[in-house]
Amino acid sequence: MNIRALRIPILVLLVLAAGLASAQQWKPLGPDGGDVRSFAYDPRDPNRVFLGTSAGRLYLSTDGGMTWSRYAHLGNSSDMVLDNIVIDPTNSRIIYVAAWSVESSTSGDLFRSLNGGRSWDVVPDLHGKSIRALALAPSNPRVLVAGALDGVFRSRDGGDSWQRISPENHAEIKNVESVAIDPGNPDIIYAGTWHLPWKTEDGGKTWHNIKNGVIEDSDVFSIIIDPVNPSVVFASACSGIYKSETGGDQFHKIQGIPFSARRTRVLQMDSIDHKIVYAGTTEGLWKTVDAGATWKRMTANNIIVNDVLVDPGNSSRVLLATDRGGVLASNDGGASFAPSNSGFAHRQVTSVVADRSDSSVLYAGLINDKEFGGVFVSRDAGLAWRQISEGLEGRDVFVLRQTDGGSLIAGTNRGIFKLVPGNNRWQPISTLDVVRSKTVKGAGGRMTMTSRVMEQFGGRVSGLELGSEKWYAATSSGILSSTDHGRSWHEDGPAVARDLIGISAFDQTVVAAGRRAIFLSSDGGATWKVPALSNSISIVNSVGLDHEGGIWIGAREGLFRTTNEGQSWDYIGTLPLADIVAIDYDSEDHRLLATGAASTSIYESSDSGRTWHRRDSGWLLRDLHPVHGRVFAATAFDGVVVEPNPQEGLRQVSSGGNK
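The letter at position 236 of the sequence shown is residue 286 when you use the numbering used here, and the numbering goes up by one with no holes.
What the hints contain is simulated information worked out from the structure, not anything from laboratory work.
What you are looking at is a predicted structure, and each value in this text was computed from that prediction instead of being measured.
Note that beta-carbon positions come from the ideal geometry of N, C-alpha and C, so glycine has one too.
Some hints could be false.
Claimed, not checked - Heads up, simulated DSS-like pairs for lysine-lysine below, C-alpha to C-alpha not over 30 Å straight-line:
1) K488 to K468
2) K261 to K224
3) K224 to K249
4) K293 to K249
5) K77 to K420
6) K491 to K579
7) K325 to K249
8) K420 to K488
9) K255 to K346
10) K420 to K325
11) K293 to K255
12) K325 to K293
13) K303 to K293
14) K249 to K261
15) K325 to K261
16) K491 to K420
Unchecked claim - What follows is a set of in silico ranges between Cβ atoms, one per label pair, in the way DEER data are often shown:
17) R206 to S154: 48 to 54 Å
18) S154 to D237: 40 to 46 Å
19) H302 to H220: 23 to 29 Å
20) S154 to S409: 23 to 29 Å
21) V339 to D237: 28 to 34 Å
22) R565 to G472: 26 to 32 Å
23) D657 to A576: 29 to 35 Å
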């Protein structure tokens, strides 16, 4: 394979005026909401509430959870789940956050701040441990206990040093998901594992199983102790909720919560009335006001609750950390809840589109939020958003496009949908007009019969191109095309085109991409070919076309271009970026935009990749959408962001490279 490297001298120009730092901040737009993992309130000021996410992000509210702001990012990546936040009750400037990695069972950390969160350090003794539980002793704030996948650890000096207090390589005391410390005796510690609960009464010298009354093989997610009567212990598990009045010697399973809602992720006791206990389950929030004798569900059953916070000064104020739905707040002790996500967005936006007729109208497509996701619209440039997902039925939206007439077209994990202006419900437009053949046995022998069949396509759609005469869709089953604006679709492209990740079209040129191949038509889909890729390309992430005949591939190894339909490829060594996940050609400003999986920067080139300008966004970006010189971007975890001004904070970079 012939490959040429662009050799251009190294050039670094800083076009950065002093004093513009604040103006260079990209603005988060939402949509608000998403996944919340944990809460903690400041013991000195309960209106200060910390929120942890599954991507290493801490948020802070200073008004009791009504509004939120980004506070800190913990760790060097975005795979840290912040499930436990603990604040020293005697000095609220000391904050501990336990984390575990979704990427590796052997990764995690304990982060500690001694100055109220302005700076953070990793506690060395627990570095690399997947920490699933953390508790501070009520009787001694210098004592902390952490539960990790490899056992139980304790600190007696405020987290400076840690010692293992469970037997090393113990067959049972591992995969520790919950811990609790007796309110009066810090040597009495409970540990809930992925199997059953355990207890020590001598600071870890000896441990004994406290499984009496607990269904065998129960994952113990949460343990709470009555602060006045520590013999009363509640434990939640995948098999339900258990209560002990003997310090764990004997449990009995609590009745009143249906079997389907038995998976209880968190228990929280009212700090004033200890007979009130909240249970956050995978089917909503449940509440008891009589110490577990009876229970009532307080939310819809589609709410998955990860954490519950009860205001210590006002027990009527309750916050829920939920999957997909963000923060839910109640001011009446859980009788009613409303979203309280202003300023908080932990959403995976895959596509952002500005309306053709009014660029202040934005549309965002989301994945992994089921009925809480789909598509959102903002009619004030991102200040407020409204969900418009009726008819999508919880589908993931991988790509959004708008027709010349203003209709929205969504490519989902299960088919293609259309939303007509003025209509509130998406309609499927996934009818596939195909020719099927079958062999039948007749009087003269076997013969093949063909027939046209109308089927409903239900595969994944990763890319859409909507031309005035022909539409294209890149799908899990190959390339589809429509000549009647989506009323029917036909199989198009080579038969080997499967599991496609994107498609781009300009004039008569159409290029679709899979992870290891591209498929090219130069005559509007009449014929197709499969050009050979550069040997330097291992994985294709994205594909794009410019308006000068260039085909661009964003790959794990960097950016590549062909100007001769794949006969040869240029490696764009002037772009100091790898693992490129998004390419977009801005036809209005005649520039190419690119960003990488691990980069927070956008690079732009107006001279076919010879030189590049860099703008740092501060966010991991996944989709780029230029609108009148300004870039709106979909982030990996934080919704939609927008740059303040395309002329501020530019850095022209060009670094030579060969491959």
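Hints, one by one, checked against the model:
no.	hint	in the structure
1	K488 to K468	violated, 33 Å
2	K261 to K224	holds, 15 Å
3	K224 to K249	holds, 13 Å
4	K293 to K249	holds, 15 Å
5	K77 to K420	holds, 26 Å
6	K491 to K579	violated, 36 Å
7	K325 to K249	holds, 24 Å
8	K420 to K488	violated, 39 Å
9	K255 to K346	violated, 41 Å
10	K420 to K325	violated, 35 Å
11	K293 to K255	holds, 25 Å
12	K325 to K293	holds, 12 Å
13	K303 to K293	holds, 6 Å
14	K249 to K261	holds, 10 Å
15	K325 to K261	holds, 24 Å
16	K491 to K420	violated, 48 Å
17	R206 to S154: 48 to 54 Å	violated, 29 Å
18	S154 to D237: 40 to 46 Å	violated, 33 Å
19	H302 to H220: 23 to 29 Å	holds, 27 Å
20	S154 to S409: 23 to 29 Å	violated, 42 Å
21	V339 to D237: 28 to 34 Å	holds, 33 Å
22	R565 to G472: 26 to 32 Å	violated, 39 Å
23	D657 to A576: 29 to 35 Å	holds, 33 Å
Figure legend: structure checked against the earlier numbered hints; hints not met, in rising order: 1, 6, 8, 9, 10, 16, 17, 18, 20 and 22.
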